[in-house]
Each structure stands twice: as structure tokens, then as C-alpha cells.
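Please take these sequences and the hints and turn them into a complete structure.
Chains H and A are the protein sequences, given in the same order.
Just so you know, this note's numbering puts the end of the first sequence at 393, numbered straight through with nothing missing.
Just so you know, this note's numbering puts the end of the second sequence at 122, numbered straight through with nothing missing.
Just so you know, the hints here were simulated from the structure itself, not pulled from any lab data.
Just so we're clear, the structure is a prediction, and the values are computed from it rather than from any experiment.
Misleading hints may appear alongside valid ones.
Distance condition first, Cα-Cα at most 30 Å in a straight line; then the derived DSS-like pairs of lysine-lysine [unchecked claim]:
id : chain 1 : residue 1 : chain 2 : residue 2
1  : H       : 392       : H       : 339
2  : A       : 19        : H       : 335
3  : H       : 343       : H       : 360
4  : H       : 351       : A       : 67
Going by beta-carbon spacing under 8 Å, a handful of chain A positions derived as facing chain H [stated by the list, open to error]:
id : residue
5  : 36
6  : 50
7  : 51
8  : 52
9  : 53
10 : 58
11 : 60
12 : 63
13 : 66
14 : 113
15 : 115
16 : 119
Simulated DEER-style distance windows between Cβ atoms [as the list claims (entries may be wrong)]:
id : chain 1 : residue 1 : chain 2 : residue 2 : range
17 : H       : 322       : A       : 12        : 15 to 25 Å
18 : H       : 350       : A       : 92        : 21 to 31 Å
19 : A       : 67        : H       : 335       : 23 to 33 Å
20 : H       : 298       : A       : 73        : 36 to 46 Å
21 : A       : 118       : H       : 392       : 23 to 33 Å
No residue lacks a Cβ here, since even glycine has one placed at the ideal position from N, Cα and C.
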Amino acid sequence: GNSVTQMEGPVTLSEEAFLTINCTYTATGYPSLFWYVQYPGEGLQLLLKATKADDKGSNKGFEATYRKETTSFHLEKGSVQVSDSAVYFCALKNNNDMRFGAGTRLTVKP
Amino acid sequence: NAGVTQTPKFQVLKTGQSMTLQCAQDMNHNSMYWYRQDPGMGLRLIYYSASEGTTDKGEVPNGYNVSRLNKREFSLRLESAAPSQTSVYFCASSLSPPYEQYFGPGTRLTVT
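Shown next as C-alpha cells:
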């Protein structure tokens, strides 16, 4: 079956620190991979996506590369800001099956 | 352009009561989805509708029913609420094939 595993939080960083949130997946075939972000009291928003192996998704300084050989899609940002504090979800879509990871709460302190 | 809207924002039910959560989108999307979000479990798909007139079960459909009323609207019904259905419910929509999903603001439901 399809599943997503992402690193447990919470993660607390100082402003300008480097961020990595690990995500690995299990799927048959060729899923699309996504990172979503959820700010307090809001729904999820798409942060970035990749639809095939070796694709790199990027947005707002965040990046993730679709690695089929390691079944991973790790989220990175070189220098986080206080405004990046949120919950981040890794997700995959395989045909009509959409699966989300449990979410990682990131807090960035000034 | 409102995107995806959900009503109500908050609801408290007693065990055994019924209610319908409403969702509407104004983006002319084909597909619509209902999820529940529970602490430590991410989002889990309850039902989805790939196009008007069709609905399919997701990962956790038991205790729920859905209706795709038209292209814009997709409702979720709890016939006999249980405390295990206490959760935050999100509606989402997307174009087909699997383009990005747009989420509503959520409904926080408590069943006592």
C-alpha cells in the first residue's frame, strides 16, 4: 500500500538556521510527492511538489528532491525565518489515493 | 474568489446526533475530498469525488456518508455521531489529473 513517514517533531530552530525535515514513502508505481504547510487556524497550503524521479520542487526558499532510489523527499531550507513557524506535511498521491505524513511542527525563534 | 469554503467552523454534538458538514468551491475543480485531521496522524482521506456524480471511499469511510450535490458542492454527513469522530475536518478540491489540492479552513467537531 501507499504510506508516508516523516520525522517527528517538534523542531525548534533559531532564525537563519538550516532546516531539514525528513520524509520517506512507500508506494507502488510512480506517485507524485508534495509538501504542504499549515499555519495556525488555517487549512493546508501547497508548498512545493515533484511529479517524477529526480525532479526538484522549490518555493519560498524551500526545496525537496524526489529520490526514487531512496524513496525520499526531504524538505530543506538554508535559512529559516520566524514566519516559517508552522506544521509541515509530506504527502503522496498515487492515482486517487492521497496519503499524508503525521506532520512536523516547526518553531523558529528570533 | 473565495476558494474552498466550509460551514460550520465549529460544532459540538452529543453522541447519536446527526449533522452535515458543507463544502463549496468556486474554482471549477472536478475533484473534491473530505479529510479528518487528528493529532499525530496527519490527514486521512474519508471520501472523495473524482467528478460530479461519482463518490468513492477513502482510507477511513466508516460512519460517514457523502453527497456530490453538483460540481461546486460536496457534503459530509455523520448519521450517528460517536466520540471517535471528534476531529478537525477539511474539505479540498483539485483539477484532474492529480494537480495540487486546495483546502478549506476546516471544521472543528467535538462529540461528547
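Hint check:
no. : hint                         : in the structure
1   : 392/H with 339/H             : holds, 28 Å
2   : 19/A with 335/H              : violated, 37 Å
3   : 343/H with 360/H             : holds, 9 Å
4   : 351/H with 67/A              : holds, 28 Å
5   : 36                           : violated, 15 Å
6   : 50                           : holds, 5 Å
7   : 51                           : holds, 6 Å
8   : 52                           : holds, 4 Å
9   : 53                           : holds, 4 Å
10  : 58                           : holds, 6 Å
11  : 60                           : holds, 6 Å
12  : 63                           : violated, 15 Å
13  : 66                           : holds, 7 Å
14  : 113                          : holds, 3 Å
15  : 115                          : holds, 5 Å
16  : 119                          : violated, 15 Å
17  : 322/H with 12/A: 15 to 25 Å  : holds, 18 Å
18  : 350/H with 92/A: 21 to 31 Å  : violated, 41 Å
19  : 67/A with 335/H: 23 to 33 Å  : holds, 28 Å
20  : 298/H with 73/A: 36 to 46 Å  : holds, 44 Å
21  : 118/A with 392/H: 23 to 33 Å : holds, 28 Å
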